[in-house]
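A.B. asks: Each chain, letter by letter, is given below.
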Amino acid sequence: MTNSWTDINNTDLVIVMGGNAAEAHPCGFKWVTEAKANRGAKLIVVDPRFNRTAAVSDYYAPIRPGSDIAFLMGVIRWLIENDKVNHEYVTNFTNAPFLVKDEFGWSDGLFTGYDEEKRDFDKSSWDYKIGADGFAEVDMTLSDPRCVWNLLKAHVDVYTPEFVENICGTPKDKFLAICAMIGECSAPDKVMTSMYALGWTQHSKGAQNIRGMAMVQLILGNIGMPGGGMNALRGHSNIQGLTDIGLMSNLIPGYLSIPTERDVDWTTYMSTKGFKPLRPNQTSYWQNYPKFMVSFMKAMWGDKATAENDWAYDYLPKLDVATYDILRMFEMMKQGQVNLYFCQGFNPLLSFPNRAKLTEALSNLKMLVVMDPLATETAHFWQNHGEYNDVDSAAIQTEVLELPTTCFAEDEGALVNSGRWLQWHWAGGTPPGEAKHDTWIMAGIFQKVRQLYQEEGGVFPDPILDLNWDYADPAEPTPEELARELNGRALQPVYDPADATKVVTEAGKQLLNFSQLRDDGSTMCACWIYSGCWNENGNNMARRDNSDPSGMGVHADWSFSWPLNRRILYNRASADLQGKPWDPNRKLIEWTGERWEGVDVPDISPTAKPGEVGPYIMNPEGVSRLFTRGMMRDGPFPTHMEPFEAPIANALNPQLRGNPAARVFEGDMAQFATSEEFPLVATSYRLTEHFHYWTKHNPVNAALQPQAFVEISVELAEEKGIANGSRVRIWSKRGQIWAKAVVTRRIRPLTCDGKTIHVVGIPLHWGFMGAAKKGWGPNSLTPFVGDANVETPEFKAFLVNVEPAAEEPVA
Amino acid sequence: MNIDLSRRGFLRLAGAGVAATSLGAMGFGEAEAAELAHVRAFKLATTTETRNTCPYCSVACGVIMYSNGDVKTGETAEIIHIEGDADHPTNRGTLCPKGAALKDFVKAPTRLTMPRHRAAGASEFQEISWDEALTKIARALKDDRDANLVQTNDAGVTVNRWTSTGFLAASATTNETAWLTYKVVRSMGIVGFDNQARV
Amino acid sequence: MSDTAPQPTTAAANPPVQALEGNLGPAAVVRSSAGGPVSTEPAQMTKVAKLIDISKCIGCKACQSACVEWNDTHPEVGVNTGSYQNPHDLTPEMFTLMRFEEWVNPDTNDLEWLIRKDGCMHCEDPGCLKACPAPGAIVQYSNGIVDFIHENCIGCGYCVTGCPFDIPRISKVDHKSYKCTLCSDRVAVGQGPACAKACPTQAIVFGTKDDMIQHANGRIEDLKSRGYDNAGLYDPSGVGGTHVMYVLPHADKPSIYSNLPENPSISPVVEGWKGVTKTAGVAAMGVAAAGAVLMSLFTRGNRVAEHDEEAAERLVETDLKHDGRGES
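Residue numbers (my numbering), protein chains in the order written: chain B, 1 to 811; chain G, 812 to 1010; chain F, 1011 to 1338.
The hints are simulated quantities; they were obtained by calculation from the structure and are not laboratory data. Check the hints yourself; a few may be wrong.
[Stated by the list, open to error] The list that follows gives simulated cross-link-like pairs (lysine-lysine, DSS-like), each with its CA atoms no further than 30 Å apart: (1) B:Lys-84 with F:Lys-1234; (2) B:Lys-304 with B:Lys-273; (3) B:Lys-733 with B:Lys-720; (4) B:Lys-755 with B:Lys-172; (5) B:Lys-42 with F:Lys-1263; (6) F:Lys-1234 with B:Lys-773; (7) B:Lys-774 with B:Lys-755; (8) G:Lys-947 with B:Lys-366; (9) B:Lys-84 with B:Lys-580; (10) G:Lys-854 with F:Lys-1234; (11) B:Lys-153 with B:Lys-42; (12) B:Lys-172 with F:Lys-1234; (13) B:Lys-101 with B:Lys-273; (14) B:Lys-174 with F:Lys-1182; (15) B:Lys-304 with B:Lys-129; (16) B:Lys-118 with B:Lys-101; (17) G:Lys-854 with F:Lys-1182; (18) B:Lys-509 with G:Lys-883.
Put together the whole structure using the sequences plus the hints.
C.D. replies: Laid out in structure tokens, this is it:
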């Protein structure tokens, strides 16, 4: 989230599209109902289903799963055509005036440079014209036909209301009514917020869905505004934290990147992290990358990371492919290329697509280690549970270790919420039986491996033997010790860059924040963006002052918000070019003539003059991007793409299937269905009574929503002869499941490209372990393909068929 | 008839007319000794409070856990109730149907209590000790790493990449657990490293 | 040391953990079933109420979950029957229930998903209490809460019949009647009910009845500004008003909300108790005999002679219909 949960109270209009906040985030959604009650805000829901969020909405419109880009580009077209644009914002705070290379273009649903064989683009033309001064060329009058604004106008021209209706199935009058509501928020004193979640991410073009709305918000001038922003509602309690800390194939904590093979040495690696400003006077904060990186290497390997050995650069693995993400790892497992796999609080057998493939893959492992508080399906993948997990145990040679861990109630530490608040919690219960903290288990594994290398030697033991393990009890580092490393400390005296004689932090002391990080090895910091969370003032994550003098839900003294306790990202853009708040009633920060001041920590250098230094300090441009250059694999603007399994052909180019730049493994393409074989569009989702596959272990939640079901329209039920509450079989090209049918008027057939499109809704919470009735989730059916940029599986739009089934025999 | 007839009297009257036996069956004899009105004893009295965060979604609601016993003083503590923290700025004491039932997650019948091992081809788990479990894991890690760590690529560039072992991290562990996990996994050269961000 | 708890004015508070003297004891009882003991000088407490704003309700069932957890009940894991509604009905283990109704507004042709939290309305004039033949099994405190004192309950099921909202349910396990207590144990120590505290969108709020009416008026104004011209408060006079009230977007049509009664009132059969001098004849005998019938249905462990049952059946045939509710 760019903003915080409590900030939603400041909005005038909420659009929930690509999510179902009332269902999945009820207590955060509270701030929507509060904004409605307190300031007359309106709520729009655009979703294939009339869902629980829609139940309290002011305006609902249906949409076909997987067609969101067409809708959003249609909105942009309408905003421009009807001049519902915050022009000052667009001209000065976005890259609208930037000139793009003449070679760049778009036709037939594809941007320039597509290579069908590689399923990839040559992105060299997707960039700015760079002038002789080394800066990007701009036309502040927005009249040059090659400026981003004019290219965008041309790009969205095809997305007429009629086109949107035809692709999305959204009735034109409803689409236009929503455009008009959104358009009102281009006024400086009207703000819209976007709340989305996996309804947008779980598509083969998920990242482009989100870009589409981000562009809408920039055109309206709503990024950086209280009550505005792009609010990704993260799914899990600390998935923000685990991503911040880089627990992904290609990440280093704080969104630094793991080197690739092309980064043959430290110098080469660093040369790609220059982030030279693209316009004069711009901050381009990533220029500090070396400080963050060296401090990270010091956190990992301490004294063993030195300037002489390039900070132990060789200790870091180098990637040969973009990522070894989960989809790739299961593909490799299926190919017999993985021997040992760990699942720490993760239940992939129900979470990832094409369960048959997952079971086959897990069966090829030598050893699977599961650390979890609960008995998961993954840990039991080898066990026969009748039709719910019909495997031949004897044939599965995988050794499995199931390790009992503590849960939240029994451990201490910080979780990062969707609004980037690091909140500390305390243990209050005794762990059951011999359940242990994850830290104890990880330390135990590490100590034993290190001991084996010490005793036996082995292949390149150095990064293991040299890993910094400076904990009072090596068998169980404490949350406090680890949190202090995340904040960082001075290893040698840290001097004021303006005055080399002045020590700002003595050796051994906690750093104040990341402004004190250095690239000379004098500081260590595990995760630069968290720096400030536990400084010499103590544990700022444990702060519990809930006062809010601003009355705007800032709560600056409650916990700690990264970065630097800033609550709203890009908040410089909440003020106009002169530094005056766009809306005096929603004043977050303002330029006093000398500095930036206000109720939030300014997201800009406090003395950076407005009009000179742009508000988007992380970008070398100093402004936000309507055009993303070559930073995304599938295009610098979002363009309509159908899902890999779609009921109609791509209207822009019938030859295209899915996202043309998405990675597809060889065997999986053959398992994608056509609408001739499977005519129904399916989508998957959560229900509010359950959290993934955990709460079905809990008798209370199991009672509130006991049994797997699918939702279908009255019309489809009639067509198929399915009675409400009866059992149905749902099958795709990859598998079949059975569930109860909930026949509802909340799903209606849509008309797209002249065809009647039926939508089947498949909630995801059931499996073969726990207290709820046994059942299946949608992942038995879904295609094994991910988003082109980040490999999020396409769970939200795929093809199935449905038929009545015999009732389950009574046990 | 007496106009001030009490309801009990009224019942007796009616009962006397038609169904005397059932009055006895209704236990009216005991009714003479009706218990005085009282509400249920307040179950949180004398419990210990601990502040925590709901582990489900990213709203991260504040919760208060009520226990018999206090872990902070080294006692065994059993959580008997969990409810929203009214002081928390986001949730203001509210909780969703999952958060409101957190106690039953903590005490779920399918919570794991002992390390278990499933041998190749077996149809059941067997309990094993922690030391045995960790020793098996460490052995497997070292053997696989020694056999499969890719130290250099075809061009001779040092890559120190280990792809035949993978690690999936979760979504609800603390930052501190995440950082320790990161250190352990990365120091070994594992690149098949991921979390639950996408699902 | 113990202090007497304050009277609650909101559910948004953290419960105390020190021992407190509760304020809902015998001294606060203003009515008691079947001549059970009432306080001669009852402590006059401020009337409280729970307000359920249907327009803010997202149907998440947090109220059900919080209710189960607070009251330590154990609803069974059932099945799906083509609805989000689980359990399917109120039970002795589920005191409150979200009822879901899909309704197409004939004026706009738009679908509305009407979700109503069902449960005890805590009537000012409680039909259950009036119908109850067991002394002191149902009481009303001076703050308006209607509570069941289970030690005195005989499981006869009269309260089910007497309730205009079809709320109480008889347990097959202990043959006693159960319903929402408005968390009387929490209110007694100055806390609001568990459901109101949990409700994510604060569609359920709790406080003094006056405050709740005022709050409702604000909500109704907001709804009218959004085109719900018939928005209004449900606080039915037929039962003397209720201590659980609804804000209904379509207050002119309560029945669209899963059959919320248009004009609830206590069944004439039960009202018969009141006019005893006039109706003590057949009707009165009928009710008492109906108790015997219900006894035989609901509390199988108790003794009812066959001839009594037959006699009773004959007598109540025309007076009382029952549909077996209470079994669960």
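A.B. asks: Give a verdict on every hint.
C.D. replies: Going down the list of hints, with the structure as the test:
Proximity of Lys-84 of chain B to Lys-1234 of chain F is assessed by CA-CA distance (about 29 Å); at most 30 Å being required, the pair is judged to hold. Of the supplied pair hints, the one linking Lys-304 of chain B and Lys-273 of chain B holds, its CA atoms being roughly 23 Å apart against a limit of 30 Å. A distance of roughly 19 Å separates the Cα atoms of Lys-733 of chain B and Lys-720 of chain B; the hinted pair therefore holds under the 30 Å criterion. For the proposed pair Lys-755 of chain B and Lys-172 of chain B, the alpha carbon gap of about 16 Å is at most 30 Å, so the pair holds.
For the proposed pair Lys-42 of chain B and Lys-1263 of chain F, the alpha carbon gap of about 25 Å is at most 30 Å, so the pair holds. Between Lys-1234 of chain F and Lys-773 of chain B the alpha-carbon distance is near 43 Å, which puts this suggested pair outside the 30 Å criterion. Proposed proximity of Lys-774 of chain B and Lys-755 of chain B is contradicted: the alpha carbons are some 36 Å apart, above 30 Å. About 12 Å separates the Cα atoms of Lys-947 of chain G and Lys-366 of chain B, which keeps this hinted pair within 30 Å; it holds.
This hinted pair checks out: Lys-84 of chain B and Lys-580 of chain B have alpha carbons roughly 21 Å apart, not beyond 30 Å. For the suggested pair Lys-854 of chain G and Lys-1234 of chain F, the alpha carbons sit about 42 Å apart, so the restraint of at most 30 Å is broken. Under the criterion of a C-alpha separation no larger than 30 Å, the hint pairing Lys-153 of chain B with Lys-42 of chain B is consistent with the structure, at around 28 Å. A distance of roughly 27 Å separates the Cα atoms of Lys-172 of chain B and Lys-1234 of chain F; the hinted pair therefore holds under the 30 Å criterion.
Only pairs whose Cα atoms come within 30 Å are accepted, and Lys-101 of chain B paired with Lys-273 of chain B is accepted, the gap being roughly 23 Å. Restraint check: the Cα-Cα separation between Lys-174 of chain B and Lys-1182 of chain F comes to about 52 Å, which exceeds 30 Å; the hinted pair is violated. Restraint check: the Cα-Cα separation between Lys-304 of chain B and Lys-129 of chain B comes to about 44 Å, which exceeds 30 Å; the hinted pair is violated. In summary, the hint linking Lys-118 of chain B to Lys-101 of chain B is supported, as the alpha carbons are separated by about 23 Å, within the 30 Å threshold.
Distance restraint check for Lys-854 of chain G and Lys-1182 of chain F: the Cα-Cα separation of roughly 25 Å lies within the 30 Å cut-off, and the hinted pair is therefore satisfied. A threshold of 30 Å between alpha carbons decides the hint, and for Lys-509 of chain B with Lys-883 of chain G the separation of about 27 Å falls inside it, so the pair holds.
Checked against the numbered hints given earlier, this structure breaks hints 6, 7, 10, 14, 15; the rest are met.
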